[in-house]
Amino acid sequence: MSARAGLLRGLSLCHVSSTSENVSQRRRLLHHFISKVSPSVITEENNRLGQDAFTLAVKDNIATAAAMDDSFSLQTTCASSFLMGYRSPFEATIVTQLRARGAVVVGKTNLDEFGMGSHSTYSTFGAVAQEQDNKGDDIGSGVVVLRHSAGGSSGGSAVAVAVGDADVALGTDTGGSVRLPAAYTGVVGFKPSYGMLSRHGVVPYANSLDTVGLLARSVYAVTRLVIVSGLWAEHDPKDPTSLSAAARKRCSAGREGYHYNQDDKTSSTEGMLKGIKFGLPLEYNIEELDPRIRDAWAAAASVLQSLGARIVPVSLPSTRHALSTYYVIAPAEASSNLAKYDGVRYGFRASEDSAAATAATTAAAERDGNIPLPGAEEENKSDSGGRSNHVLYSATRGQGFGREVKRRILLGSYTLSSEAMDNYFIQAQKVRRVVRRDFDRAFRLPNPLLGETEEEQQQQFDLSDLPESIPMEDKFGPTQVDFLLCPTAPTLAPLLDDVLDQEKDVTKAYMNDVFTVPASLAGLPAVSIPVEVEAAAAPGGGGFVGLQLIGQYWDDARLLKVAGAVSECLTMNTKKKS
Amino acid sequence: MTRISTAELSGYLLSGRLGRRGCLIARRIPFLIRPASKFQARPHFTKIQDDKSRTPPTPPRVPFRKQQKDQAKTAKVHSEKKKKNANKQTVPGWELTVGIEIHAQLNTARKLFSPAATSFNDMPNSHVALFDVAMPGSQPAFQPETLIPAVRAALALGCTVSRVSRFDRKHYFHWDQPAGYQITQYYEPFAKGGRLELRARDGIAAEEPPDGVTVSIKQVQMEQDTGKTSAQPDEVHWIDFNRAGAPLIEIITEPEIHHPATAAAFVRKVQMLLHAVNACVSGMETGGLRADVNVSVRRSGEETLGTRTEIKNLSSFKAVEDAIIAERDRQIALLEAGGVVEGETRGWSLGSTETRRLRGKEGEVDYRYMPDPDLGPVVVDDALVRHLAETMGTFPDVEIDQLVGNYGLSTKDALSLMLLDNGARVQYFYNVLDALEARLGGTEGSSKQYARLAANWCLHELGKLTELASDLQMTPEGDSGAVPSSELADILAHLHRREITAKIAKELLWRVFRAEITRTGVTQTIDSLGLWFHELTEEEYAALADEAFQPEQHVVKEFVRFREGKAKGYPNGKLMFLVGRMMMGGPTERMDPAVAERVMRTRMEEVYVPAAIAGASEGK
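Keeping their order, the protein sequence lines are chains A and B.
Position one of the first sequence corresponds to residue 1 (full-length UniProt numbering), numbered consecutively onward.
Position one of the second sequence corresponds to residue 1 (full-length UniProt numbering), numbered consecutively onward.
It is worth saying that the hints were derived from the structure and are not from the lab.
Careful: at least some of the hints might be erroneous.
[Claimed, not checked] Derived pair list, reagent style DSSO-like, types lysine-lysine, alpha-carbon separation capped at 27 Å: (1) LYS88/B - LYS406/A; (2) LYS88/B - LYS192/B; (3) LYS170/B - LYS192/B; (4) LYS412/B - LYS238/A; (5) LYS277/A - LYS238/A; (6) LYS412/B - LYS430/A; (7) LYS36/A - LYS277/A; (8) LYS88/B - LYS412/B; (9) LYS557/B - LYS503/B.
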């Protein structure tokens, strides 16, 4: 597999000058694991499973149980002090499914607390880092190791795959949390159609957007698990949002690629791309887009064109509203989902002394007319009065959650409040429909979720919505495409120190999700594939650009197949140049 | 004796709940299963007395006159109280408006969103699924069977069942609410637009129109119940999550009730309806039904409604009526003093005379209703609704009409039968009646006679058995573990044929209740203990009457005065006094007081009075 070989070559840059001792020392500082399985257990499992075995890292917001060995059970912390030491009484369906396919769990990976963040820095276990050597200096006297953001929130999973600690990693993608770290760290990140992979056992951040995603060093590693091994077809009765067997059948009726055979793998990659229409969404060419990314995007388009694919500009007019829509809906759902963390049944509970102190400050703040502290929103139904008033939850929630989580809980509590509901949450839901409609109009394939008949599924653009630069295919409108090709993120992986400095301007970090959020809002499958940027072209930045392919709903099989081919062609192209 | 915990005691006193373990239950068991053989060894008469003196449930012997006096007294107090509330239905110059929300536990095997079993008084925290305690990563699994009782309830209330309904999250923090939100139906409830007719016999206020009132039901929604808290000393709270996530329906009326008694009647009738269609199994008395009322007042003739307050968690019909009266009077007093009613939530304690403020508008919770993103819409097929509508059975109103019309019961008795034991008592009555008819056939009396006899015993005599904290072990099918319907029918058949006296019949009933009579052994017991009623002959009665009259001859004057028109009322008291003496003088077990009275009356009219008149005229 040349794609994989290329990537490994890229990875080797990171550690080329390190002794093995240095590597392990440095890796420890990457903070990509929260808990690890002992090497002896991994070896034992590997031997037991034989040639099917592959190593799997699991994001720490996905429940793992003491399944392999009683002496060992992994905690499920969500990188929150709240759940530090929490051991789930059950295992997530996706982990069970993968273990049945030969997965050997190597550990639980670090993330932004409860999945909220774009750089995996909001973790109670420390910020995840990735290291890339800056070899801009051709004397080669010394290698300056730069610590970059691994992206978030599945940063730990991405680094685990990038450095080879795991063959495959599970992440969760709510607004780009798998694709963004994949782009930053130079691995493949796949977010399936909403409802394809079971979320049972995945600690929810925003249920209507959450998906389980996979990270690997090659597209085929993902395809092998999701498509070839039949994960896509498995309904989970424990997850109410997992598509029923009947719905899966109906959705895949008009789709290709689900019945994978060996011929597909051996047929020529270039032939696979012939005649495929790729749309370049004009609205994604934003001012803030790093020129190196714009170049990589354009280069990729011309390579594909040269291989017989059609490249057409498309318009997704709602794109500019998608980000704000996401940051209304996701925090709203988060504020609701995180209400369960009260310290009553499990997890962290503030000590009585600190609780009393919080109560005193809350009372003081209320006296002074200040904004109440986070967590002061609870109802106090107790008539007993005295110590229990306003104490237990305020202190527990105030101390148990990190800054970003509290920020989003407050934001969500506000947008759901009776005074703001209509202007924020309801509006956001409407925009969300418009976003999906835009995608449906751009894609050649109909959206099976819109109805049973083709007529119900047919969507057309209102021509007045379209920019003039979009050419018309016929009198009905512009060309409809198979896939959208766009960058995964507007910038390369920033330096970790810069990210940590950004704390003053938190909404800046939200900008990183601008290209990944639309597909999440529409529930569409998307995959980020790495394209190597020549070192000279990337001073001070990471060595990879992530290119994103977005497909129509339930077109995951074809998306992965085409993404594999694209990835291979682009890698060959890079090789040719160098 | 072991100390009873306050929680248990209050549970028992306030809602009639008994713990599975503990001395209250333990003491009941030996007395229920006491073998009959133990008693057959000794002569029966002493035995009964001996037994009575030892068993706690037997009421102490109270002289009959005192009993009558006491009864009259309580009746008086009762009617006075009733009168009090009856007088309180309106306040001149003001109009009261009430809306009601009723929460009722649905009769289902499983919880609303988890396969955990619903339970009542089981070992705490023994029926809890991961989702019920909001474990991270757990998800709701809607249990479609919960729709069946819910749809039945909605249909019984005349609602239209929506084809599509959805679930929303209602957020507030409380330790009995594990997820930090309750899943309910706020935006799209499953049933809307119902109505419930209330008639005079349902106990509505006398001021309502004679043909009754109709209360509109705005909507019925499904939602989750919360966990149960029991307070322990030192501000410790124990939480039982068995109830957390159990399905409830909330019934919301339009604000169109204007009298406190009508509001109580509404809640009572809803409870009866829900039991009748098998939507709910436990009522207000066991906490299976709770009501919140919204109360506002306005001056007569005003168009807009006044500011309303909400009184939460009313747990009896009486509390509904009393709380509304108290709150209405508070609001009127406030307004008349120039004050303003604030929209607030208030509470009510049993037996109090005032509502108390729980939280004001500023303390009001913003529930931040949000559609639950994990739960899809519920689609109810028309065919299901049709099927459930067709298999609903008889509605209580129709059944009461039948009990009154076909069986000749009083409306009050019919209503009581329907309400007792969550509707099982009326079923028991039918079983007793069937058995009684099978024993007596159509020749020995009319079925109305049988029905009245059976109803009387099913209500009043059975009621006496349970006055002292023990139950009849009534099954929903209408049979009693304590007094099997067939045994009661045996007793009543003998009583109807006058083969035993009422006194013996009651004694036999106690014996059955105490399990001293083995199954189908009523007749045998009468035989073996010689309890058959060998009644005196008419001549023997007459002789006894003469004997009783002899030393009390002077009372005849009163009867003479009546005969001569000098006294207005018949001297019944004197007659009964003579009957009493007659009963004392004769073998009671062979006498029927009714017959004794008839004989004494006849003797008085035909013998003693004429004799006295003759004697008097002779004396002149």
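A quick look at each hint next to the structure:
no., hint, in the structure
1, LYS88/B - LYS406/A, "violated (53 Å)"
2, LYS88/B - LYS192/B, "violated (33 Å)"
3, LYS170/B - LYS192/B, "holds (20 Å)"
4, LYS412/B - LYS238/A, "violated (51 Å)"
5, LYS277/A - LYS238/A, "violated (38 Å)"
6, LYS412/B - LYS430/A, "violated (57 Å)"
7, LYS36/A - LYS277/A, "violated (44 Å)"
8, LYS88/B - LYS412/B, "holds (23 Å)"
9, LYS557/B - LYS503/B, "violated (33 Å)"
Of the numbered hints given earlier, the model fails hints 1, 2, 4, 5, 6, 7, 9; all others are met.
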